[in-house]
Amino acid sequence: MDADGRSARAKTKLATRQERFADSYKAELDAFRTILRTGKVDSALTSLADGLKVQQIGAAAKISARNGKPYILKMMIYKISDIMYCIG
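In the numbering used here, the protein residues as written are 1 to 88.
Take these hints with a grain of salt, some might be off.
As the list claims (entries may be wrong) - Quick list of in silico lysine-lysine cross-link-like pairs, DSSO-like style, CA-CA up to 27 Å: (1) Lys74 - Lys62; (2) Lys26 - Lys13; (3) Lys53 - Lys69; (4) Lys53 - Lys26.
What the hints assert, rightly or not - With beta-carbon atoms standing in for the labels, derived distance ranges: (5) Lys74 - Arg20: 31 to 41 Å; (6) Gly68 - Leu36: 44 to 54 Å; (7) Ala44 - Leu73: 17 to 27 Å; (8) Arg37 - Gly68: 47 to 57 Å.
If you are wondering where the hints come from, they were derived from the structure by calculation, not from laboratory data. For every residue, glycine included, the Cβ atom is placed at its ideal position computed from N, Cα and C.
Given only the sequences and the hints, what does the whole structure look like? Please build it.
Below, the structure written as structure tokens:
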């Protein structure tokens, strides 16, 4: 990428992060507004447990890359005070 944000190979302007994810951000804000307005959470939304799993997977990927071999990830989910926690 050059200083103007263009692809070095194709010489076309690359989309910014905001441009690439604009639809996703809008959908997230719309879902949040709906929750605030109605008090109902769409079951399709990700949970805290989902987010924690993603963090664990990312951490395992970094460990694997650093060590040059697969990292075995064992995930367990515990329910504590109605909040889901994932522990590797």
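Outcome for the supplied range 17 to 27 Å, where the beta carbon pair is alanine 44 and leucine 73 = Since the Cβ atoms of alanine 44 and leucine 73 sit about 25 Å apart, the hinted range of 17 to 27 Å holds.
message = Need the status of pair lysine 53, lysine 69: alpha-carbon distance at most 27 Å?
response = Since the Cα atoms of lysine 53 and lysine 69 sit roughly 20 Å apart, the hinted pair holds (cutoff 27 Å).
ask   = Is it true that the C-beta distance of arginine 37 to glycine 68 lies inside 47 to 57 Å, as the hint says?
value = 50 Å, holds
query = Are the Cα positions of lysine 26 and lysine 13 separated by 27 Å at most?
reply = 23 Å, holds
ask   = Do the Cβ positions of glycine 68 and leucine 36 conform to the proposed distance bound of 44 to 54 Å?
value = 47 Å, holds
ask   = CB of lysine 74 to CB of arginine 20, is that within 31 to 41 Å?
value = For arginine 20 against lysine 74, whose Cβ atoms are near 34 Å apart, the range 31 to 41 Å holds.
message = Does lysine 62 sit within 27 Å of lysine 74, going by the straight-line distance between their CA atoms?
response = The hint holds at about 16 Å.
inquiry  = Hint check: lysine 53 vs lysine 26, CA-CA at most 27 Å. Holds or violated?
reply    = Since the Cα atoms of lysine 53 and lysine 26 sit roughly 24 Å apart, the hinted pair holds (cutoff 27 Å).
Taken one by one, the earlier hints all hold for this structure without exception.
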